[in-house]
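Asker: Spelled out, the chains give:
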Amino acid sequence: MNQSIKALDDLIVLDLSTSIAAAWCTRLFADFGANVVMIESPDGNPLRRAEPNNSDGSNQFTDHLLSNKKSLQLDLESINGRNLFIDLIAKCDVLVESAVPSQLEKYDLGFDTLHDSFPDLVVLSLTPYGRSNEYSLAPANSLAIAARSGWASINGFEEKGPLSTSSNQSAYCSGVLAYGAALAAVSRTKEESGSGQYVDISEFEVMVSNFAPPALSSEYNGNIAKQKSIHETNLLAGPVSVQDGHFALTLSRAHFFRDAMMVLGLEDLAENLDLHEMWYRMAHKDLWMGRVQDAMSEWTREKLFDELALRRVVAGPVLKMNELVENVHLRERGFWNFLKDDHLQILRPGAPFKLSETPWALEHAAPNIGQHNEEIAHMILQSSATVQSRDGEI
Amino acid sequence: MTGPLKGIRGVVLTQAWAGSYCTELFAMAGADIVQLEVRKRPDSWRGMYTAPMSKSMTEISTARHVWNVNPNFNAVNLGKRSFTLDLSRDKGVEIFKSLVKHADFVAENFSPRVMGNLGFSYEELCEIKPDIILASLSAYGHDGPWCNVPGIGGTIEPTSGMSALLGYGDGVPLNSGVMYPDAVAGLYGFSGLLTALHYRNRTGKGQFVDLSMQEANLANIGEAALEYTQTKQIPNALGNRHKIYAPHGIFPCADSVEGGKKWIAIATETNAQWLALCDISGKSWANNSKFIDNVLRKENEEELNQAISFWTVGQDRDVLSTFLNSKGVIAAPVLNAKEVLNDPVLRSRGVIIELDHPEVGKASQVGAPFHFSKDKISVVRPSPLQGEHSFEIFSELLGMDRDEYEKLVTENISGEGPPE
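Heads up: the protein sequence lines correspond to chains A and X, in order.
With our numbering applied, the first sequence closes on residue 1356, and no number is skipped along the way.
With our numbering applied, the second sequence closes on residue 404, and no number is skipped along the way.
Be a bit skeptical, because a hint or two may be false.
What the hints assert, rightly or not - These stretches of chain X come out as covered by chain A in the derived footprint (C-beta under 8 Å, 3 or more residues):
1) 76 to 84
2) 159 to 169
3) 187 to 194
4) 243 to 255
5) 261 to 274
6) 326 to 335
7) 348 to 357
Calculated directly from the structure, the hints in this document are not laboratory data.
In this text, a Cβ means the ideal position worked out from N, Cα and C, and glycines have one as well.
Here chain A stands alone, though its shape is the one from the complex (with noise of 0.2 Å):
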């Protein structure tokens, strides 16, 4: 494996992100070698603007999203920077946006218009509702999309109400597929010349394709999925108390069931033939649920899982973050990676996959606003004598 060599080093991706979904997708471009420019006006990026979090002011989403690309201050509303955007236009692949309502369609840059002049690029619109629809210029956030894609109906337990996702779940679901859908737009470009076009991304939609499972157990079946109760709050609905935590155990087969039994020292349970049956272990829970969780109790996480895991049995700990971060298995799969030039050393999450010949990086911390002017200047537009730098703006 050469780690010089990129899947994505021939892109160049124009970013127009405002959301953390879109900067998500242009972030695994980056990842994936891209040459990824921010657009970005005198204020930054919006998720520069985010709550901070840190004590010099800065935030996650511009630590973790801004990362591996380039920036170019631009001010698009001046002719000269019209002009220029339209010059990296003529430059890139792909050209990805998620301001509502358009930000290219104010500037005159509809996809339409564009595809006149560059008829091989692909622009990608990721937006919390899609285009053109009566929802799009509606506000939204993961909880609105939660809400409104079925996840929050069948989340958390009835008798407290519904639940969203966790943290920006609509947001990173949504990046990746936009990033796929991007990249299989490309593809067609470079197989028939003139074939570029528009790729039209929700956030909804992406969370409904998510939800098609419980959505269709709902019309075949007439019953429509909802939330468990309180009551059912046991193994089967997800992690139980164990002496230091929390733990999922599954017990759908037979020999999950046998050999988790032998494990927790319940050999009665083990043995008795009629609870290898899965809907004979549905019908009578009262028989060994209750004591599967208490023996279950008396253990640690780490214990359990080991003693599960060698006899195969499907099984895992609730970790935490700091538990994460520390995760042998993790550390040794090289998951867990530093920026190069960072001196605080900040361990940041990785590669969402590995590719064996043309490795995910992270290589470069978030610029700062216009930290790439001369560069892209040079290297994109060659043609530096047009291009004058004032004051960190073109």
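With chain A held as given, fit chain X onto it using these hints.
Answerer: This is chain X only, laid out in the frame that chain A set:
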């Protein structure tokens, strides 16, 4: 099938949710996905051969085989073609390897050692087709001390950090209503394969895509990971609340919908949104010293949420949501599965589609989540019956004639349903 990936073929052994969803996205984008199913051990999402037919399916005269009418399988295999082979037989292995010669990629979501045991390791597949791409979606990846530990969505959710971030803020970690980590892994698998395909198209070189479900899901909460490594503060579940903003919650509404109460999500992230919410409510919250700015609203969030709930419980969910949106406030109805399937925007955009399945008949279900202006997704086929396309695939790709196929069926190497 149409779409930007028309001309790409995957010969896949994907099953259950993560792998099947990954390759379904390819099929919906126009790729030819031919999926191997092993009759001796049917896809767990088809269910067991001996499982009883659900009550609703017993009322459908065309629903003949329980393994063809499982909503889980039929939700995540749209647009594919299904063939069956017995891979414990030399002839089955030989046919599979012959099909690989016609593939751009192979994908699977077994435990890491399975493909090697079958004789289909990446190196062995490269001997058949040098530029092949193999994507493996496993629980913990192909190396490291946990690589042979089995896992499914219900155990990856805890081990990836997802469960610790899902809950009502009372310290009790939860799993999602269904195995959400599978969906996340499927999305990353789709994109990982497309990254490898892009490189192959440039260079003619294939490669191995090693996707660990744990890592894909941890990457999907990457900002929480960075929050910890930067601040050493362990992020916890916040329920429906936000770390910074208030209000940010789900509130009860008037009336009920089939399956339960009606609820609305409401959030304000700017002062303008807060003032618009106050104005629409007609309440004096904007003048309440406890709610005068976001810091105070966050400090007094419990009281604020009670006040909002007291107001929303008399409001029509959908009318209020639309009105709040029109005034710039973040809001959305909490829709249940049936309401999602009937959403007018999803239907008008072709995300919810009506499909006519050979055994189930007509049903509404979720289709493609992407829109391409040139290569439109015009037709999505229903999920295949087990082995529905075996002869079609063998004939089209290998030139097999009907007699030879019938011999395979007679010898239980291919066919449909439980092997004799």
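Asker: It remains to establish, for every hint, whether it holds in the given structure.
Answerer: Outcome of the hint check:
Only residues whose beta carbon comes within less than 8 Å of a beta carbon in chain A count, and the segment 76 to 84 of chain X has 0; fewer than three means the coverage is violated. Note: the segment 159 to 169 of chain X has 7 residues with beta-carbon separation from chain A under 8 Å; the three-residue rule is met and the coverage holds. For the segment 187 to 194 of chain X, the assignment as covered by chain A holds, since 5 residues bring a beta-carbon within under 8 Å of that chain's beta-carbons and 3 suffice. Given as covered by chain A, the segment 243 to 255 of chain X passes the check, having 7 residues with a CB less than 8 Å from a CB of that chain where 3 are the minimum.
With 0 residues carrying a beta carbon less than 8 Å from a beta carbon of chain A, the segment 261 to 274 of chain X misses the three-residue requirement, and the given coverage is violated. Beta-carbon proximity to chain A at under 8 Å applies to 7 residues in the segment 326 to 335 of chain X; the threshold of 3 is reached and the given coverage holds. With 9 residues bearing a CB less than 8 Å from a CB of chain A, the segment 348 to 357 of chain X meets the requirement of three and the coverage assertion stands.
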